[in-house]
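Put the two chains together into one complex, using the hints given.
One letter stands for each residue in the lines below.
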Amino acid sequence: MKIENKQRLRVALDLYNNAPCGAVSFRKDGTIYDVNQTLCTWLGYEKDELLEKRTLPSLFKIGGQIFFETHFYPMIAMQGYIKEIYFDILKKDKSTFHGLINVREIPAYKDNPVSYQATILDIADRRKYEVELLEAKRKAEADSKVKADILATISHEIRTPLNSILGIGNLLHQTPLNKNQQKYAHLLLHSSEHLLSLVNNLLDLSKIEANKLSLETAPFNILELISILKQTFAVKAKEKGIKLRTKVAKHIPPIIEGDQMKLKQVLTNLLGNSIKFTKKGAVELSVTLIEEKGDEICLQFIVKDSGIGIPKEKLESIFHEFEQASHDVSIEFGGTGLGLTISKKLLELQHSHLEVSSELNKGSTFSFAIWFTRSTEKSLAAENSPINEKDHTFEDLRVMVVDDNPSNIFIAEQYLDQWNTDYISVNSGKKAISHLKSYPADIVLLDLQMPELNGYDTARRIREMSLKKQPLIVAFSASTKGEVLKQLQESGIEEHLPKPFHPDELLSILLKFRNRKSSEGAGPDSRIRSRKKSTLHKTKQTPEIEVEENKSFNFSRFEKMANNNPKYLQKFKTSTLDAFREYKKEFNRAVGNSDVEALLALIHKSTMSIYYIQADRLTGLLNDCRDMLQLPDTDNKKLSGFTEVTNREFDIIIEGLDQ
Amino acid sequence: MKASDKSGIYQKFNINVLGSGTQPMMFAHGFGCDQNMFRFLYPYFQDDYKIILFDFVGAGKSDLSAYDSEKYNSLQAYADDVLSICEALELSEVVYVGHSVSAMTGILASIKKPDYFSKLVLIGPSPRYINDGSYNGGFEESAILELLDTLDSNYMGWSQAMAPVIMGNEDRPHLGEELSNSFCQADPEIAKNFARVTFLSDNRDDLKKVSVPSLIIQCKQDVIAPIAVGEYINENIGPSTLKIIDATGHCPNLSAPEETAKAMQDFL
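Protein sequences, first through last, are from chains A and B. The numbering of the first sequence is this note's numbering, which starts it at 151 and goes up by one. The numbering of the second sequence is this note's numbering, which starts it at -15 and goes up by one.
So that you can see chain B by itself, here it is in the shape it has in the complex (with noise of 0.2 angstroms):
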């Protein structure tokens, strides 16, 4: 590999590689927004692992001009892009930590290569967001259409509306000055067809394939990821541990990080 494929890969994905430890803890987002959401939960690990956060291509600061709608129509393709950092970086013993459909991302990429992995973190995981018969995924098919209708017709203007402000955030240091109302901000096309390939997508069938041991951190009131969910998970996914924590909303990681760090410490 040529040097300038390494810093080729650093500048593709943004990635970030912080702390004092050896063993590498991996962040991967989910839907919207990028590494940021982790900005609250990974200084707890600081000091132990060696934290490697990173945005998926088409987030946040990533390479936009690598994303190809027809390459990133599967989560595999995610998956594969978790692996190509792996190498890239040569990482062994990672502990993958993933928030929403990102859990299932890290899911696909440690069946296909579980000897990268050590342990998963399935924060807020589904592997089908819509009801199936007598599974419930929390969503009505036509929920889910409507939020797609929703994203083709750019209604919230999720891009567009959210204009970028700059403004100093004294109270909250941990902010730098670039951040503002742009940094969930996205491409309103990739935005489309991620929240697409997230919402239609069912793992179901890939739980029982995962070797690798996991954590669901599963919070008390989610509407995009109900317990049931949860427990659907626990049940059938290899050798697992169920944790449903204090929490409203989908981002324990945000609302709750300190709930969240304590549930993956014990389980590490």
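Here chain A stands alone, though its shape is the one from the complex (with noise of 0.2 angstroms):
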């Protein structure tokens, strides 16, 4: 039995001294008193030059040292164990080693004080991998974002041709049309709105995704925005046979602070879901105060329908981006998928959470709290009132629209003729600037991204120009609102129509300067008003000319979107008109200047223009002449030639647009 103990002590010793890995045991103020044999060998010292000689930290290094002190002890001391924690320690020929160490205390027994043991574990593997994760890491994540950033790129640009789709489609739409053309431009505006709502779902994802999306607290109506949500979706809940229903709470205050935008946002995309996949019964949204805390209240939302229902095992999985309960849901139903994942982040930003039951083939209910505070404003200047577009006249109001892209002038004007405002057009800022001081225009619709004078500082000079009364400035841009509106404010924008802009959101602001204005009453403004339509710009009553098909352009195109009502194909071609003179100058400057930057720009501004008149001849030839200026070495006298036909091409459709 002795015998056997002896043996198994000096096993155990031998383990201890061989162990992989190493042991140091060290007393309270850190003096090394036994180390094993691994240790000794990994870090190259003899043990006897550590006990009694060395102190544990004194074998890291200095950044460990003080790590010792400040954290390592403190947790040995208190807790009595500590584990895992990195540490360098120096070799003593001064190269690192990678330890990973573990402590426990040896509590003080008889005459023998508390002491500590440590185990340390040689980690250069692990390290290494750690280090190469990481670095997968940092790629990973910069490779995502300049994912999202090529996302939100791509859904800007295709915005700005969005806008002129959505535009003349609303625009078409209100046209004669015989029952086919209704049916196509029906279509085309369904998908087109369809197409918006999905980049500007992508361009919200991006935006949360990159944590580019803050709250925007401001009072609004609850009571206000809950009834506009029951206007807009009860045509759609008409269409399909079913109901809608909205109560809200009595004893809610009908002005509250919060995020007026994203919750409108939450709701609209939940109550949207609702209707799409209900075919018979009722969607309900009811709001109720559940909790209150001295100004603050909690108010819940919940959006309960008797749909399809969803299976429980997509419970989880519907707030994924792109994911629908199923693959048919997507084919049946349409959608981007990206509504919910969308709400669920728009809520966690605001510290709420969406949550679901669903019963299949019964129903889904939807439901997430907010807190909001109680205004202190008793009233609202009112807004946001049910519009309906046509009835509407601003014989009194004028408007000045910046814009230099003749296609987007021409579906502003569309609209404001419409509605029988005075209105002039210009297509730079320095032409606003200089128009602004005989024409005193009260609203000036601007475009952000010109040449030359971008829409800030348009606005910004504007702003120091004394005029007699300063014009209320819309922003009118393909940028979401969210992103620039500092700089707006900034540069004395006090509204923003993003583009494609819907008419009621035209409207809206029109409909808001005429009340502000009314309740101003007939202050110092009672400025002598031209009747209807500015004389200095177009409005020239031409008679229609027979327009001479001609290889280098077509006016099919034209007819077609004025639907044969002469005044809108005359205005057409008169900004059109403009826009090619500057396109001809701007082509001879470039050229002149072998600035490929400059005809790429042009090539670019000018592709609505020339697809709106099927200029496909000039198309050819200004990327002949860009193919050419890009060569490393010009052929100067090939390049002169292609100039002047190019030229002619510009001469003869200048010419076919003056007649």
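A hint or two may mislead.
What the hints assert, rightly or not - If the Cβ cut is set under 7 angstroms, some of the chain B residues that face chain A in the computed set are:
| no. | residue |
| --- | --- |
| 1 | Leu129 |
| 2 | Glu130 |
| 3 | Val207 |
| 4 | Pro210 |
Unchecked claim - Pairs of lysine-lysine, DSS-like flavour, derived with a Cα cap of 27 angstroms:
| no. | chain 1 | residue 1 | chain 2 | residue 2 |
| --- | --- | --- | --- | --- |
| 5 | A | Lys380 | A | Lys512 |
| 6 | A | Lys287 | A | Lys386 |
| 7 | A | Lys734 | A | Lys755 |
| 8 | B | Lys204 | B | Lys246 |
| 9 | A | Lys429 | A | Lys414 |
| 10 | B | Lys(-4) | B | Lys103 |
| 11 | A | Lys443 | B | Lys(-4) |
| 12 | A | Lys580 | A | Lys619 |
| 13 | A | Lys443 | A | Lys512 |
| 14 | B | Lys176 | B | Lys103 |
| 15 | B | Lys204 | A | Lys289 |
| 16 | A | Lys278 | B | Lys176 |
| 17 | A | Lys260 | B | Lys204 |
| 18 | A | Lys512 | A | Lys390 |
| 19 | A | Lys203 | B | Lys204 |
| 20 | B | Lys103 | A | Lys362 |
| 21 | A | Lys244 | B | Lys176 |
| 22 | B | Lys45 | B | Lys34 |
| 23 | A | Lys329 | A | Lys380 |
| 24 | A | Lys380 | A | Lys397 |
| 25 | A | Lys429 | A | Lys400 |
| 26 | A | Lys430 | A | Lys388 |
| 27 | B | Lys246 | A | Lys178 |
| 28 | A | Lys233 | B | Lys45 |
| 29 | A | Lys178 | B | Lys204 |
| 30 | B | Lys55 | A | Lys362 |
| 31 | A | Lys430 | A | Lys464 |
| 32 | A | Lys260 | B | Lys246 |
| 33 | A | Lys618 | A | Lys581 |
| 34 | A | Lys443 | A | Lys386 |
| 35 | A | Lys430 | A | Lys390 |
| 36 | A | Lys295 | B | Lys176 |
| 37 | B | Lys176 | A | Lys211 |
| 38 | B | Lys176 | A | Lys233 |
| 39 | B | Lys204 | A | Lys211 |
| 40 | A | Lys297 | A | Lys260 |
Calculated directly from the structure, the hints in this document are not laboratory data. Think of the CB as a built atom: it goes at the ideal place given N, C-alpha and C, for glycine as much as any other residue.
Printed below as a string of structure tokens:
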């Protein structure tokens, strides 16, 4: 028995000394009083060089020593053990040993004071992988950011041409059409609206992912918001033959402070979904007050439907990007599969959580609760009142449209015409400033991205002008509100109309301004008004001239768009004519200076106008000139030949437009 | 002040008030860890004082969202926080116990509002960690830069490497279950900034502005604050007593709580 014990002790000691990990024992003051052979070998020390001579922290690099004093020791002292802390240990030859340390306290026993035992693992390999993993993680994050940026840029770029598509679609819808055409126009509108919502969703998502979205708290009328939502969805619900109910608990204060836009976006999404997935029965939105703390109130929003429901196993995944409950759902009901993801994230931003319960074929219930503050304001200026765009006229309102893209001007003008508004249009910031001196505009619709003087600078200059009355400046751009808001305010721009805009949005701005003006009464601003339409610009009622079909251009797209309305046709021609005169100058400047960038900008800018008049030959010529300029050694003779042909082409088009 | 503001300050600094006395004794932890650093020390004073424990913003269970790296780029910002706690809790005649870098924080607070304080207890203080001419702060500049570099590369994983371990502490009833590897854990960014503020500070010129009587407690062997530093403070600060206790390391409040308490009781 005794011999066996001795044997076991020997084995244990051997194990201690040659274990695959380092072992070291030290006293309260850090002094090492035992160390195994493995650690000595790893560090290159003889046992005698360490025992009673060195402290454990003295083996660490200076950072480790400080860490030992400020973090490591307090932890051992308080909890008696410490697990897996990484230290760089200095070997005798001053190179570094990567070690993972575990420490446990050996409590005081009889005469022996408290001491500590540490085991040290060699983690050189693990360290290497860690470094590689970190690098891979950093790279993945960078890649994902690049992807998000590309997504945001592309989405943004898509919004600009979408502006034209939606605008023209809206206009087309209002012209006399036969049944088939009506159907096509309806489809066109419907599809472009869907495309817009997809692009907007992508933009929202990329902003959320990039943490660029912030809360904007302002007082708003919750009752009004709910009533607007009801009106918005009433038509769709009616079309599907289902009931749409809204219930707002009575004791909810009408005016509260919070982020109205984000709340509206979430509710729009949930209501839209519910109506989409409900074939019969009802969709109900209810709002209740569930908690109060001083001025803070917590409102619960519940959207309940009697629709197809969501299978249990899908309840989680419907919140993931691009996922819907099933592939069939996406085929039958459409949609982007982004709405719920965005809603969920928008709510998280407000420390709220979107909850769902559902029973297959019975219906689904989505709910969330948000804290708002009671507003000190008793009422808000009336806005967003239901609009019927056809019933409004603004004969006493002067509007200036500033945009370098003629088709954008054209679209805005169509609506202004419809509402009998007095307006002028100019195609640059400089012209806007010079015309403002003689044309006292009430509202300036200002494009933000213009060459030379951009929208911000134009606004700033307008603000510096000594005008009888400063106009309301409305930014008009493809950017979405959030990102430019601050810049807008700094430039003195008060409103923002994102392109593509819905006519309602423009109308509501005009309405708001008119209301504001009428409440101000007939103040010093009772200027003499020109009777409808300024004479400064266009509206020359020339009889329609037969345009000869020519290979260089073709007005058939115009004619279709103008729907045989000579006024529209003429207007479009005039604005396109202005544009082409400008393009010609720019072309010659670009070629004269061998400036490829300028030529590329011109090609980009003129795309829409060229498209409308089908000047395909000009496109070809412009591209040829571009190719030639891009060559390392440009053949100047050849280039000047092409330049001449291109100029001739420009002249033919300009002449045609001018007739 | 609204009631909510007051409860706000309790949350912001995770303030805990204990003890049965009336005179406040305020414990301010240093770089690393939090108010738990005083677990073994404050019980000695619980009967005679009103014990105020708190975590500086960025440490322990303080409100991390209140941390702003621009604001907390000097010890004065931390000193102002000490004063704001005194003000909100309407403290006066405070015995301020500051460990490590918070000794200097207390000095700065007492210079700004001497009326709030009756005595300062400075445990392991240092007005400057880096050697400067004849001044021996204990560190060569290169060593401190290495430390900061270490923090930058986060090689020690000040937080990540310390995976929280939830374990029963049956033999240590003073530790709650929630205490684990994590209680000295800090957000790596905040730890980095705090280290920078701490180890690059130079408050030697402030010492002579101190009018509140102070006790300097120094360990025999302390890598972070050597005895020479304690002696330097004792010579340059206003009315003061230097007590060197027979302990090793930078945390006598943990390694030698009894001796530390004794030194304090003698002084008070």
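To see whether the hints hold, each was checked on the structure:
At about 10 angstroms, the closest approach between the beta carbon of Leu129/B and any beta carbon in chain A exceeds 7 angstroms, and the interface hint on this residue is violated. Because the closest C-beta pair between Glu130/B and chain A is about 5 angstroms apart, less than 7 angstroms, the hint holds. The interface hint given for Val207/B holds, since its Cβ lies 6 angstroms from the closest Cβ of chain A, which is under the 7 angstroms cut-off. Annotation: interface hint on Pro210/B violated; nearest CB of chain A at approximately 12 angstroms, more than 7 angstroms.
A C-alpha spacing of about 23 angstroms is found between Lys380/A and Lys512/A, which places the hinted pair at or below 27 angstroms, so the restraint holds. Proposed proximity of Lys287/A and Lys386/A is contradicted: the alpha carbons are some 46 angstroms apart, above 27 angstroms. Restraint check for Lys734/A and Lys755/A: satisfied, since their Cα atoms lie roughly 12 angstroms apart, inside the 27 angstroms limit. A hinted pair counts as satisfied when its Cα atoms are at most 27 angstroms apart, and Lys204/B with Lys246/B qualifies at roughly 16 angstroms.
A hinted pair counts as satisfied when its Cα atoms are at most 27 angstroms apart, and Lys429/A with Lys414/A qualifies at roughly 24 angstroms. With a C-alpha separation of about 25 angstroms, the suggested pair Lys(-4)/B and Lys103/B falls inside the 27 angstroms cut-off, and the hint holds. In summary, the hint linking Lys443/A to Lys(-4)/B is supported, as the alpha carbons are separated by about 20 angstroms, within the 27 angstroms threshold. Straight-line distance between C-alpha atoms of Lys580/A and Lys619/A comes to about 19 angstroms, which keeps the hinted pair within the 27 angstroms bound.
For a cut-off of 27 angstroms, the pair hint linking Lys443/A to Lys512/A is broken: about 36 angstroms separates their Cα positions. With a C-alpha separation of about 31 angstroms, the suggested pairing of Lys176/B with Lys103/B is violated against the 27 angstroms cut-off. Between Lys204/B and Lys289/A the CA atoms are separated by roughly 49 angstroms; this puts the pair beyond 27 angstroms, and the hint is violated. A distance of roughly 23 angstroms separates the Cα atoms of Lys278/A and Lys176/B; the hinted pair therefore holds under the 27 angstroms criterion.
At most 27 angstroms may separate the alpha-carbon atoms for a hinted pair to count; Lys260/A and Lys204/B meet this at roughly 26 angstroms. The straight-line distance between the Cα atoms of Lys512/A and Lys390/A is roughly 17 angstroms, inside the 27 angstroms bound, and the hint therefore holds. Note on Lys203/A and Lys204/B: the hinted pairing holds, with a Cα-Cα distance of about 17 angstroms set against a maximum of 27 angstroms. Between the alpha carbons of Lys103/B and Lys362/A the distance comes to roughly 49 angstroms, so the proposed pair goes past 27 angstroms and is violated.
The straight-line distance between the Cα atoms of Lys244/A and Lys176/B is roughly 26 angstroms, inside the 27 angstroms bound, and the hint therefore holds. Taking the CA atoms of Lys45/B and Lys34/B, the gap is about 21 angstroms. The hint holds against a cut of 27 angstroms. This hinted pair does not check out: Lys329/A and Lys380/A have alpha carbons roughly 30 angstroms apart, beyond 27 angstroms. This hinted pair checks out: Lys380/A and Lys397/A have alpha carbons roughly 10 angstroms apart, not beyond 27 angstroms.
A C-alpha spacing of about 30 angstroms is found between Lys429/A and Lys400/A, which places the hinted pair above 27 angstroms, so the restraint is violated. Between Lys430/A and Lys388/A, the direct Cα distance comes to roughly 11 angstroms. Compliance with the 27 angstroms bound is thereby established for this hinted pair. With a C-alpha separation of about 20 angstroms, the suggested pairing of Lys246/B with Lys178/A holds against the 27 angstroms cut-off. Restraint check for Lys233/A and Lys45/B: the C-alpha separation of about 22 angstroms stays at or below 27 angstroms, so the hint holds.
Simply put, Lys178/A and Lys204/B have alpha-carbon atoms about 13 angstroms apart, close enough for the 27 angstroms limit, and the pair holds. With a C-alpha separation of about 23 angstroms, the suggested pair Lys55/B and Lys362/A falls inside the 27 angstroms cut-off, and the hint holds. The suggested pairing of Lys430/A with Lys464/A holds, with an alpha-carbon distance near 22 angstroms, which does not exceed 27 angstroms. For the hint linking Lys260/A to Lys246/B, the alpha-carbon distance of about 25 angstroms falls within 27 angstroms, and the restraint holds.
For the hint pairing Lys618/A with Lys581/A, the CA-to-CA distance comes to about 19 angstroms; that is within 27 angstroms, so the pair holds. Straight-line distance between C-alpha atoms of Lys443/A and Lys386/A comes to about 38 angstroms, which puts the hinted pair past the 27 angstroms bound. A C-alpha spacing of about 8 angstroms is found between Lys430/A and Lys390/A, which places the hinted pair at or below 27 angstroms, so the restraint holds. Of the supplied pair hints, the one linking Lys295/A and Lys176/B holds, its CA atoms being roughly 26 angstroms apart against a limit of 27 angstroms.
About 17 angstroms separates the Cα atoms of Lys176/B and Lys211/A, which keeps this hinted pair within 27 angstroms; it holds. For the given pair, Lys176/B sits about 22 angstroms from Lys233/A by alpha-carbon distance, which is consistent with the 27 angstroms threshold. Only pairs whose Cα atoms come within 27 angstroms are accepted, and Lys204/B paired with Lys211/A is accepted, the gap being roughly 22 angstroms. Distance hint between Lys297/A and Lys260/A is unfulfilled; the C-alpha atoms sit about 66 angstroms from each other, more than 27 angstroms.
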